[in-house]
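Each protein sequence line maps, in turn, to chains C and P.
Following the numbering used here, the numbering of the first sequence begins with 1265 at its first residue and continues without gaps.
Following the numbering used here, the numbering of the second sequence begins with 20 at its first residue and continues without gaps.
Think of the hints as simulated: they come from the structure by calculation, not from any bench.
Certain hints may be false.
[As the list claims (entries may be wrong)] Pairwise CB distance ranges, derived in the manner of DEER restraints:
#1 C:Glu1366 / P:Ala41: 29 to 37 Å
#2 C:His1274 / P:Ala41: 25 to 33 Å
#3 P:Ala41 / C:Pro1548: 51 to 59 Å
#4 C:Glu1461 / P:Val111: 22 to 30 Å
#5 P:Gln118 / C:Glu1534: 53 to 61 Å
#6 P:Glu26 / C:Glu1534: 50 to 58 Å
#7 P:Arg84 / C:Arg1580: 56 to 64 Å
None of the values given here were measured: they were computed from a predicted structure.
Cβ coordinates follow ideal geometry from the N, Cα and C atoms, glycine included.
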Amino acid sequence: MSVKWDALQHQSFLECNARQRAIGLVDPDTFSELAGPRDRLSSPHLPVLGEAIQFDDGVVTGVGLIGKKPVFLASQEGRFIGGAVGEVHGAKLVNIVRLAREAFEKMLSANPDLPEEKRPAVVISVDTGGVRLHEANAGLLAHAEIIDQFQDAKGKVPIITLVGGKVGCFGGMGFIAAAADVVIMSQSGRLGLTGPEVIEEEMGKEEFDSSDRALVYRTTGGKHRYIMGDCNFLVADSIAAMRNALREVLALPYAEIDAFRRIGSLDKVEYQLKLVDLCVKLSPKDSKDVWKYAGNENPGALVDMSLDTFLKKVKRLKVA
Amino acid sequence: MRRQLNELNFEFKVATPKDFPAEFLHYGVVGSGDMEIIMEKKPLGGAVRVKVLTPVSGYDEVWKRVLSRFVNDTHIGNASIEINDCNATPVVGSLRLRQALSEIA
């Protein structure tokens, strides 16, 4: 077993860079990067704006194995322009989903009895603020194309998103994460549509103070998302913890993975509408109001609770 | 004035160069104040060729000194180095170059 891989397992998912996450999430020495730095597929738009470029345009894409399962993986680099999705970055995301589906179709036509354990899967480690504004049209188009690919992959390959980076998952990629079959978050992960800074800029500091970290975490953080049902699993902040949760999900048959979806069927849409209804009735002033409604008697105590205790004690929101 | 990403090109050669020990090496992330490096083995008659892409202008001489010192200290030769910089300071640049090399040492 590789020494580097072993060392990665104990590292913080948040602190690792995109490539370390990709390598550490799959089995040791199985990650092959596709369209990596050697191919120098960097942005054609940034140099004319005088902006720095990166050889992989801020996303690591490739294939690895988890057990016998080929895992098509994309891992965003939050440190490069906030992990923003530009033209090349977006194309790489689109194609990793497409490749997974095509691999599945090929494998199935070669072997109609393809066992579940060999069925390919897509894993996207998200760390982004959304569209890269320097190439916004291409970035937006890429988001639409990713959703198209998700749609084509439905019923064929499962798609799992992991949220635990420093930037979190905001903007258009928030939609994309939500459209996946399963969302796994770490305690330090943040998930939302409009990011905290943008809300403050639009609505003012009285509405949302983005420098108030406690507020940001209890409205977008992993614990809140877990209570709300926006993420399916909540894990500790390490590569190993993310990998273990991922392995457990991928070991399930496709139908069970599909059942984790939060949107994508009439029943699920109706459930979401009930949540909206509840939100209007409850008109919460703070996340804690919703936590309390969900059955957590002392919602304030959840904030500083260790992950293990939290997972044992927490009541997740359910509407009948 | 129109902003453009600056391309700097340098070539260095030490008296007794050691062949670059790996075919290909990539290191680093283009974060704010940081940079990434590709180092490749290339037959350049013992020389090291460096291409830097940076948003910063007016620091060509500083880059030259940082890179020249790196080549002189490590005695590498027959290598092509490409750097994508995002406002890294000379100290960070120097550190990253050495870290990259230590990946294969």
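Going through the hints against the structure:
no.: 1; hint: C:Glu1366 / P:Ala41: 29 to 37 Å; result: 33 Å, holds
no.: 2; hint: C:His1274 / P:Ala41: 25 to 33 Å; result: 27 Å, holds
no.: 3; hint: P:Ala41 / C:Pro1548: 51 to 59 Å; result: 56 Å, holds
no.: 4; hint: C:Glu1461 / P:Val111: 22 to 30 Å; result: 26 Å, holds
no.: 5; hint: P:Gln118 / C:Glu1534: 53 to 61 Å; result: 54 Å, holds
no.: 6; hint: P:Glu26 / C:Glu1534: 50 to 58 Å; result: 57 Å, holds
no.: 7; hint: P:Arg84 / C:Arg1580: 56 to 64 Å; result: 59 Å, holds
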